[in-house]
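Novice: One-letter residues, chain by chain:
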Amino acid sequence: MGPDDATKRDDRGDPAPPDQPAPAVEHDRDRGEGELERTIGLVGGLAIGIGTMIGAGIFVFPGLAAESAGPAASLSFAIGAVVALLVALPLSELATAMPRSGGGYFFISRGLGTGPGAVIGIGLWLGLVFASAFYLVGLGSYAGQVFAEAGISLPVDPAVPLGVAFGVALTVLSVFGTENTASLQNAIVIVLLVILTLFLSYGSLDALGVFGTESTPERFLPPGGMVPVLRTAALVFTSYLGFAQVATVAGDITDPSRNLPLAMVGSVLVVGAFYVVTIFVATSAFGSARLGGFGETAMVEVARAFVGLPGALAIVVAGLLATFSSANASILSASRAVYAVSRDDLLPTSASRLNLRYGTPHVALGMAGGPIVVLAATGQVELLAEVASVLHLVMYGLVCVALIQLRRESPEWYTPSFRCPAGFLVAGLGTLASLSLIAFMQPASIGVGAAVMVAAYAWYRYYATDVELKGAF
Amino acid sequence: MTDTDPTTPTDAPTDTAADAPTDTAADAPTDTATEADGDPSIDRPDRPTVLYPIRVLEGESLPTGIAELLANAHVVLAGYHVIPEQTAADQAREQFGERAMAKLEEFAAALSDAGATVDVRLVFTHEAQATINRLIYEHDCLAVLVPNGVDVPESVLLAVRGDVGLDRNTRLVAGLFATTDATITLYHALDGDEPDAEGESLLETTTAALVDRGVSPEAIETILDRPDAPIEAIAGHAADHDAVVMGETDPSVTTFVFGMPSEQVAERFLGPVFVVQRERPGEGQAGDDEPGEE
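As you go down the protein sequences, you meet chains A and B in turn. Its first residue numbered 1, the first sequence is counted upward by one per residue in the numbering used here. Its first residue numbered 474, the second sequence is counted upward by one per residue in the numbering used here.
Just chain A, with the same shape it has in the complex (with noise of 0.2 Å):
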């Protein structure tokens, strides 16, 4: 709690006693209803986008994307991580600005009204609901490892099923498990970055030749030229979507003009490099067509192939441990994502009620974790990580155009603490760039977004034509 807190308290509303200058208060003050307390630091800030991220790039990309691009997958997880700073930036600056649950959601619908509000914020539920979905599928394809490892052979592929059988608990773990967690996120992902350093370094070094036999270098680029590299970037950016659960949560994060774009900025910064490197390390020790065939859980055989069964039990731990926190970090943001857009009144209040003994929303998880265990069943992982990344890049796309929009309005109410660097520069980017991704996606995945996004603007039409939530501050 550093000095400068005092210039970014929240003190919405009420007018400042005259003989002073307006009232610095730290701590969201609600008067007549109390106040929030800012428990999150920059650990934990990182931690959470970290979390979120770093179990779908490394543990379940790597061979669907080096089947398709190659060596050059990791310029696909380089872009993605290029689109995200881009966004991260003018993101941290609405967060600070509008430090509220909802995220990407609360500044569309403050910045460009409520119509693309509801169209975002029924499309940010429906967007964490595919990619939870798509963890779990992971998380159900690391828990079939084990029964691989352990030499069991089961008649059918129990991924899809596991998957659905995690979703179902963790739903059931968010409403009725009243311990707190950021905690065991802390730890699972230090433990997580400990594991990939060492297995990666080795890795490294082994691929360069220092040890081991010095492996035949692929050609870089796929046949086809860059086109099948940015598709790959499109598929693989379900990789990054964590970070802007991050700004969800900016109104418990202390110090948040430092803290916020440190934690977003560090966190795509971090995932980013571990991401380049396993697809450099991965591709270096098979072939990339090879890599594709093992599907979902290659970063096992990777493993296998450097330091056998120790090396692959390794990472069958550090799968489970990271698809597990993505799924989970996932279904609690889907619950605030219907929180926020229920608490405008475009969806029934009744969403977002918390139920006093266990102090959940019981209604918003259930509304996430229902659709996900859904979705898993499908079993679809490219098409529920295309679909995720269509409506977030949507959302990453206009939170750009709100951050324009606002400062040319600039009204009273927008004071962020921190401003983005060259903020129209970065943000008309981050748009292009947001937007010319989806254009690599699948028709199929394209669709399916669309296809949300119309029925959430006419659930709109239908439901809330009388709600105006622009600048409501």
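These are computed hints drawn from the structure, not numbers from a lab. Note that the Cβ used here is the ideal one computed from N, Cα and C, for glycine as well. Hints are all accurate, no fakes.
Chain A is faced by these chain B residues, among others (derived, beta-carbon under 8 Å):
no. : residue
1   : Pro557
2   : Thr560
3   : Ala562
4   : Gly570
5   : Val596
6   : Glu600
Please arrange chain B on chain A, whose structure you already have, making use of the hints.
Specialist: This is chain B only, laid out in the frame that chain A set:
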């Protein structure tokens, strides 16, 4: 935090008390009632600030006699509600805020009817300890109350550990009880090789300090002994009294308000315990204490 506020120098606690009503006048209607009784800094510049944490939505209510016990204090009534990680804090506030605030105002009214001045704070938090620590710091509280029921407070046990907390201990005890009929018993548990004379002189200094602050010398008694287990000894002596005042333990960066010893005493004693807080560190150290980064 408060120290960035130009109206609140940290080293002058009475100023904090004076500032507090301005701080919260608009916060809660209760303060209107409080202000009608007069600004605490005007009528009683030496009112010790006591933090009274209360889990307001879990049916916790004011134990009997607690309002009388705090009649001479400036009470920071800190209602808090711990919400699980998976719930957004503002979501909980939206649903429970008004109800909790109404409850708190009821308690605040009871306290100010008995004579206390009251600041009401209501916090929705994921970490109760972080909240309590912050409020102690922001209001520069002299002590934290572990509330338990009490009859009319007739005798108070002050556990004296050394010279370190002497000033704050005596400020609290004199501020709360100098104008009441309560007797004050000073108790010091001698360490293994601590000479009797040292303990006696400590009790004498403390007595003198209390008398300086307006406590009648007749109201003060002293006990000196050499127990095997000091905490149990305090709890044992406490049984003969209505309230206990003791210091914080373990001067570490992280402050555990209900740290083991005071907690143990409170549990066995079943009466109210005032835990006198150490002088808050300067701003730099306060930054290290940032919750959530551990």
